[in-house]
Amino acid sequence: MKKLITALIATVIASVPVSAAPKSKVVAAPTPPPYTGVYQPQGVDEIGLWREDDERERALTNSPLVIRDEALNAYVKSVLCKTVGSDRCNTVRLYILRVPLFNASMSPNGTMRVFSGLLLRTRSEAELGAVLGHEFGHFENRHTLQQFKSARSGTDLLSWAALLASMSGTRQSYQNFDSIRLSVYGGLARFERNQEREADLLGLGYLNNGPLRPHAASRVWRNLILEVEASSAARGLRKPNFNGVSFFASHPPDGERVNYLYALAAPDGEGRDDGTGRHEAALKPWITAFLDDQVSLNDFGASEFLINSLAESGWTADLWRARGDLFRARGNPRDLMNAADFYAKSVAMNSELAEAHRGLGLSLIKTGRQVEGRTALERYLQLQPTASDASMIAMTIASSEGK
Amino acid sequence: MSGITRWIALWLCAIVLITNSGIAQERTAVKQGFELSANSGKKILLIRPKVSVGEQSTGGLFEPNADWTDKARKNLDAALFKKQGALGNTVLVSPEAYGDQALVSEEYTNLFGAVASAVVNYQFFVGNRLPTKKRDNKAGVFDWSLGEGVRNIPGAQGADYALFIYNKDAYGSTGRKLLQIAAALGPGLAVKSGEHLGYAGLVDLKTGELLWLNADAAMGGDVREIDGAEKRVGQLLEEFPGSVEAVEKAKQP
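Top to bottom, those sequences are chains U and B.
Everything in the first sequence is counted per the numbering used here, starting at 1 for the first residue and increasing by one.
Everything in the second sequence is counted per the numbering used here, starting at 404 for the first residue and increasing by one.
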């Protein structure tokens, strides 16, 4: 009996990688399939997932994280429509969430969530469209459903294997169970990575067929690599490996994505419009808020990288102010000297910017330049007499006079 | 997003359930001094219940089923009205809210969920009690609140109390049942098939205080059927202040 069970487990192991790993290799960015009209879920699993998702969306519509600025929403929607085509994008409900991280997602019922951190990191309509198209690819190919099914068959298999292993009770059977477990977990992670590759290619397929420059897709990931490098360099960490695949990785390595997205972008798309100007104009009212969120993440290297890359098209009072905040938040004496310098540049460009006067004053007082500091803080109170910290600033002024 | 990792985590939770199936226990608490006499004609605002019904896969994952969820929602609503009417209280359905009002409603539903799970984890779960919630320290302490802001919940003006209900049912699939039988017959392991979790809470709409909470991790009654839903609501509202069971319990010395 025990031998039989051990043999059974061995057979099960042999069958695992086949069941859990579909096609993998990246060949070419496919042209998007013809649009088949509004999709409705089919089968008990999919209808069930959609219903759960409807409930989540109902809660999402009332979330305080959602940015309800109609102009910004219309802009992001327009980029999605340019990328995937107006027939596809019409059914999408798009929610911009104020979360300072690089991410977006699309869930089974067609709810698209875009994090504000993504908007801060993209420099053109084409770059934003590349990520939105990728997420739409997950939806079009119904990846959540496939993922649910693969996780279910994987865990079903593991349950029976666990049972068989404990029935057999031999050392060998437990070792076999461990191997099955690793290969199921590894298979599930690889399944997810392949879905990401598929969505990457579908997203690139939309861009290739649309009016925007497809080479921007590769650039998104290159910029992300540079940002991660800057972040780890600032902390003195070893440069991360952008090409290795770790066992539980949910996404393909960034280096691989940069390469295939560049190689498979339509060559005739090189001269197309990026939409950089339109992107900048649409984000202008929000960029200060998004920068503040980023600075408060306490990731010095990444924030400094983002501010500098935004400044490539020219420094503004707001950018200098944000950089001052970043340095002042770290707060070493050397940082405060730099911060005071940045705030001074900000004030020189826009003397009405209250926050810059506040930061300038506080940095100057801390570095021993009391008189100039007081002047700056007084100017802040003049510009914003009803600020929430007005009385605290007034106290700072008074106590620095007392010294 | 790392969906697969989430599924694996869910599966690991299911494994833990296999080994700890004994922890499921029912608990009820009423705020000290709170009484709601039968037929007092109070108005109770029913916040849209969270209902989710599905199957439990062989590996223990939750497989949502839209048809069952719809049926359960309908049956539970009907059963609630019937039960409350019999107690002499009026159940009001929370009105459809828009804009900022909808935000408030959603926020308080989430806050109730957080407070209720804190009660379950830090007061009902005996081994994990917070020092301030220990019965040894103070007799019959049940002191939790959502804050006075509950007055702003849409529909709160015309009601005395708000009733929150959460219900999750995962019926064991055929595969799960087979696994359960095989595990019992073979190595003699106890595998739990199906999960029926529910809690209900009553909040004072003037003060925000949590007046009564009932949490049950092993509920009876098939919510997909009308009779079953009535049984379920009976269990959810067990020892509801003012109900026959609670009155009889109070009479006992």
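Hints are computed from structural coordinates only; laboratory data are not their basis.
Check before you lean on any hint, since a few could be wrong.
Claimed, not checked - DEER-style ranges, computed between Cβ atoms: (1) Gly-186/U with Ile-629/B: 46 to 56 angstroms; (2) Gly-85/U with Tyr-501/B: 47 to 57 angstroms; (3) Gln-40/U with Asn-531/B: 58 to 68 angstroms; (4) Asp-503/B with Arg-235/U: 37 to 47 angstroms; (5) Lys-477/B with Ala-311/U: 51 to 61 angstroms; (6) Glu-499/B with Gln-42/U: 24 to 34 angstroms; (7) Leu-533/B with Glu-55/U: 25 to 35 angstroms; (8) Tyr-525/B with Ala-234/U: 37 to 47 angstroms; (9) Gln-370/U with Glu-499/B: 56 to 66 angstroms; (10) Gln-172/U with Ala-621/B: 54 to 64 angstroms; (11) Tyr-525/B with Gly-186/U: 36 to 46 angstroms; (12) Tyr-525/B with Ser-296/U: 45 to 55 angstroms; (13) Asp-630/B with Pro-30/U: 31 to 41 angstroms; (14) Gly-43/U with Asp-630/B: 25 to 35 angstroms.
Claimed, not checked - Just some of the chain B residues that point at chain U, by a computed CB distance under 7 angstroms: (15) Gly-457; (16) Thr-461; (17) Pro-467; (18) Asn-468; (19) Ala-469; (20) Thr-472; (21) Ser-497; (22) Gly-502; (23) Leu-506; (24) Leu-581; (25) Ile-584; (26) Ala-586; (27) Pro-590; (28) Ala-593.
Remember, it's a predicted structure, so these values are computed and weren't measured experimentally.
Where a beta carbon is used, it is the ideal one built from N, C-alpha and C, also for glycine.
(Q) Taking 37 to 47 angstroms as the stated bounds, is the beta-carbon spacing between Asp-503/B and Arg-235/U within them? (A) holds, 41 angstroms
Q) Quick one: are Glu-499/B and Gln-42/U within 24 to 34 angstroms, going by C-beta? A) holds, 30 angstroms
**Q.** Supplied contact hint for Pro-467/B, tested at 7 angstroms Cβ to chain U
**A.** Holds, about 3 angstroms.
Q | CB-CB spacing for Glu-499/B and Gln-370/U relative to the 56 to 66 angstroms hint | A | Since Gln-370/U and Glu-499/B have Cβ atoms about 59 angstroms apart, the given range 56 to 66 angstroms holds.
Q. Could one say that the CB atoms of Gly-43/U and Asp-630/B fall in the range 25 to 35 angstroms?
A. Cβ of Gly-43/U to Cβ of Asp-630/B: about 29 angstroms, so the range 25 to 35 angstroms holds.
Q) Does Pro-590/B meet its interface restraint, that is, does its C-beta lie within less than 7 angstroms of any C-beta in chain U? A) holds, 4 angstroms
(Q) Taking the Cβ atom of Gln-40/U and the Cβ atom of Asn-531/B, is their distance within the range 58 to 68 angstroms? (A) Violated: the Cβ-Cβ distance is about 45 angstroms, outside 58 to 68 angstroms.
Q: Against chain U, run the beta carbon of Thr-461/B and see if the smallest gap drops under 7 angstroms.
A: holds, 4 angstroms
Q) Quick one: are Tyr-525/B and Ser-296/U within 45 to 55 angstroms, going by C-beta? A) 31 angstroms Cβ-Cβ, so the 45 to 55 angstroms window is violated.
Q. Taking the beta carbons of Tyr-525/B and Ala-234/U, is their distance inside 37 to 47 angstroms?
A. holds, 40 angstroms
Q. Does the hinted range 54 to 64 angstroms hold for Gln-172/U and Ala-621/B at CB?
A. violated, 38 angstroms
Q) Given Ala-593/B was flagged as interface, is its beta-carbon under 7 angstroms from a beta-carbon of chain U? A) violated, 12 angstroms
Checked against the numbered hints listed earlier, the structure breaks hints 2, 3, 10, 12, 13, 21, 22, 24, 25, 28; every other hint is satisfied.
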